[in-house]
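**Student:** Read off the chains here:
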Amino acid sequence: MRTIRTGWNQLLVTLAVAPFVIPLAVMVGRSVGGEGFLRNYGAVLNRPEMLTFLRNSVVIAAGTVAVTFVCTMLASYALAKLPLRGREVAFYLIVAALTLPSAALTVPLFINVRNLGLYDTPWAVILPIAALQTAFGVFLARGFMAGIPDETIDAARVDGANSFRVFWYIVLPLSRPVAAVVIVWTFVSAWNEYLLPLLFLQEVDQQTVTLLPSYFVGQFQADQPKVFAATVLIALPTVICYIAFSRFFERGIMAGSIK
Amino acid sequence: MTWQLTRQGRGFMRRPPLRNSFYLVPALVLLGALVYFSVFYTMWLSTHEWDGFGPNPLFVGADNYAKVFGDAVYWKSVLNVAGFLLLILLQMAYGLLMAVALHGRVVLGVVYRIALFVPVVLAPAVMAPAFREIFSPDGQFNQALEAVGLGALRHAWLADPDTAIFAIAVIAIWSGTGFSFILYYAALTQVDPRVFEAARVDGAGRLRTLWSITIPLMSRTHLTYLVLGTIATIKLFDIPQIITGGGPANSTQFPATYIYRAGVVNFNAGYGAAMTVVMVVICLILAVAQLRLGTRAERNGF
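Protein chains in written order, with our numbering: chain A, 1 to 259; chain B, 1 to 302.
Simulated from the structure, these hints should not be mistaken for lab results.
Note that the Cβ used here is the ideal one computed from N, Cα and C, for glycine as well.
Some hints here could point you the wrong way.
Claimed, not checked - Listed next, the stretches of chain A that the computed footprint assigns to chain B, with coverage defined by at least 3 CB atoms under 8 Å from CB atoms of chain B: (1) 29 to 38; (2) 44 to 50; (3) 121 to 127; (4) 133 to 141; (5) 238 to 249.
Whole structure, please, built from the sequences with the hints as guidance.
**Tutor:** Printed below as a string of structure tokens:
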């Protein structure tokens, strides 16, 4: 009786999950068509642009993660655990930025980036993404840090620790799960960003992986399998990053959002 | 709190020291210089006519706003967002059911979990070639329809102004459901299993347990996904921009794609700015409504 029900459960779950896998199967399946796996992927990896675009994306993702992490963790700590003037106002000022789509702010962002002399440099993309990701990071991390018991912090204060030592030695290590979420999510967002690199990085040797599919459509003309091979390669880092952190991710997103 | 007892500590409580605010400086500088500068600049620009390059934006007062209110495509894009907001409920239901199912006995549960969430981390730019193929006239979507005997529905989904929006909706559900799933899955892990055990002992069936126990227990999670899903929907840009470019015949235009089209592609920065301001005002009204709803639900012990 029990086995039959389990069997049904398994079948239903498989049917319900299948539609989510189909697009991935199409993508991978097409990438090994035509001239075959080795030739398709070989041809893509042999394009010098591939490595340039990959390197640029790595630089931008790493820079965005670093800036976002510093801003998010410091601000969340103060908002969650320190007596602060205008705490609510500051929180809403930061989190309200969550609702603004960068596509609607491209003109002022462009003016800003140009005036700062950052056009065609990785910073033109890093800073705007980091600003918007900080909003999401604070939304999650403040809730998580608020859940750290005050007694833990008080104990350190009695021992004479100043607020930064409390942050560095107590709050930051205890916030590892939510830090993992902030890092993974920021990395994925920066890696996947499409519009800002398209607008702010004009030189081909500055561009990022999200611009590759359309670039390769031009390069490989009708050779679709090679375009698909490129998309599979571009997708891999985000998938690997998520799978590697998935256990942290599930714990952190829970603790962060449900306070 | 212990530090209140020290002399310094009492000062600390009476008037929080300014140095605590230093922790906010990096975040506020970043957001101020980029986001809030942009917001104020957009407000200023919305009363001007400007191609985005020339030296002197021309002051035109409320002309841009008058144009926004009479622009059928803009309101069509707002309507599209409103429709997509309903998809959030679908994503919540699907995510919750999958979370409950995967908390039961499932062989290789971790594989299913990853399969559901991976779409969330994949860029629309990366998935676009696959989706264009799937929805093409002899793509996999039509083949699947044929296979289940619905061949009569075969269609060039992305080329027809009446159906392109459905294809975009399918893609949005595909890429968003994993997020609602992961939130519910994580929330369910936190529930004491004895709660479900007690329900079973009391003779509650699976549906009854879901309706009377699981759904009320997840109230914070519903709210979290409602907020995050609404934000993501309002910002929807990459999927329609890359897959249909807002077309055909503006049928898949969303505020972000239309503002981008007007402000950047068509060199009408002032008009794009006015549309942005109108959109932000609509968002603010929505946000206040949601917050009210949230606090009222909380007060009622929901």
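**Student:** Take the hints in turn and mark each one as holding or not.
**Tutor:** Cross-check of the supplied hints:
For the region 29 to 38 of chain A, the proposed coverage by chain B is not satisfied: 1 residues have a C-beta within less than 8 Å of a C-beta in that chain, short of the threshold of three. Counting residues of the region 44 to 50 of chain A whose C-beta lies closer than 8 Å to any C-beta of chain B gives 0; at least three are required, and the coverage claim is violated. Interface restraint, the region 121 to 127 of chain A with chain B: violated (1 residues with C-beta to C-beta distance below 8 Å; minimum three). Against chain B, the region 133 to 141 of chain A contributes 3 residues with a C-beta closer than 8 Å to a partner C-beta. That satisfies the three-residue criterion, and the hint holds.
A stretch counts as covered by a chain when three or more of its residues have a beta carbon under 8 Å from one of that chain; for the region 238 to 249 of chain A and chain B the count is 7, and the coverage holds.
Hints 1, 2, 3 from the list above are not met by this structure, while the remaining hints are.
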